[in-house]
Amino acid sequence: MLRLRAFKAVDDPESCQKFLKGHGDILSSIGVNKVTSNKATWVENPGTYVLVVEDPDSLEVLGGARVDTSYGNSKLPIASATGYMDPTIHDHIADAATEGTGEICGLWNSRKVAGLGFGSLFLTRAAVAITTQINVKSLFALCAPYTIATAESFGYKVMHEVGNDGTFYYPKLDLLATAMKLPDTSILDGASELELDRVGSLRQEPNQRFEEQSRRRMVDVQYQLDLKL
1 MLRLRAFKAV DDPESCQKFL KGHGDILSSI GVNKVTSNKA TWVENPGTYV LVVEDPDSLE
61 VLGGARVDTS YGNSKLPIAS ATGYMDPTIH DHIADAATEG TGEICGLWNS RKVAGLGFGS
121 LFLTRAAVAI TTQINVKSLF ALCAPYTIAT AESFGYKVMH EVGNDGTFYY PKLDLLATAM
181 KLPDTSILDG ASELELDRVG SLRQEPNQRF EEQSRRRMVD VQYQLDLKL
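Residue numbering for the sequence shown is 1 to 229, as defined by the working numbering.
What the hints contain is simulated information worked out from the structure, not anything from laboratory work.
Quick caveat, the model's predicted, so the values are computed rather than measured.
Where a beta carbon is used, it is the ideal one built from N, C-alpha and C, also for glycine.
Do not take every clue at face value.
As the list claims (entries may be wrong) - With a straight-line Cα cutoff of 16 Å, these simulated EDC-like cross-link-like pairs (lysine to aspartate or glutamate) come out: (1) 75 x 91; (2) 112 x 220; (3) 21 x 60; (4) 112 x 55; (5) 8 x 44; (6) 112 x 60; (7) 8 x 226.
What the hints assert, rightly or not - Listed next, with one range per pair, are the computed distances between beta-carbon atoms: (8) 95 x 213: 30 to 40 Å; (9) 99 x 229: 15 to 25 Å; (10) 55 x 88: 38 to 48 Å.
Construct the complete structure from the given sequences, taking the supplied hints into account.
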């Protein structure tokens, strides 16, 4: 059994440091050293919420993601990553921020849980689920090619109006990222039936144990998503 836990970054600095090290190690292993979402400043951002996949016995952090919100003290990572290439991204974020917006960022998983669905699917599911607790009406994301389909299953749409038809060379010139937006986190228009069901369940019962289906096998996940705000 693995635990998928959500918390406010400023409330658990120890877990934040484990997240930073794990994410940094993965990025370094693939030759990426400059990723805006991995700057340590988010650890002290009151508008950042963290999700970690951890071994409940050893408390080893095996993966994670963040939801950075417009209620924090810094720009969303997508703005820092792409704003110098297309400044109009700032306008899109500012418009969305009037109702509360955020960004799912910093997704990663260790090799110990590779192929089990945590790297994008389960963490995105949990991140979308907690948006109703933190008053985030919309979500941005900067997606690698292999995560676009997962994002679309939650109702994300490609932002064709920014960059080169929605794409940017990031975080390196030989890597392509796609800007995407989930317009309404409450209704998840365009999401798959599975994600409508699972996100709805996690919102009604944020602390639950569930056998999730991954590509390789069933995975026993203890969700602990009640932020107790």
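- Against the structure, test the hints numbered earlier, and report the numbers of the ones violated in rising order. none
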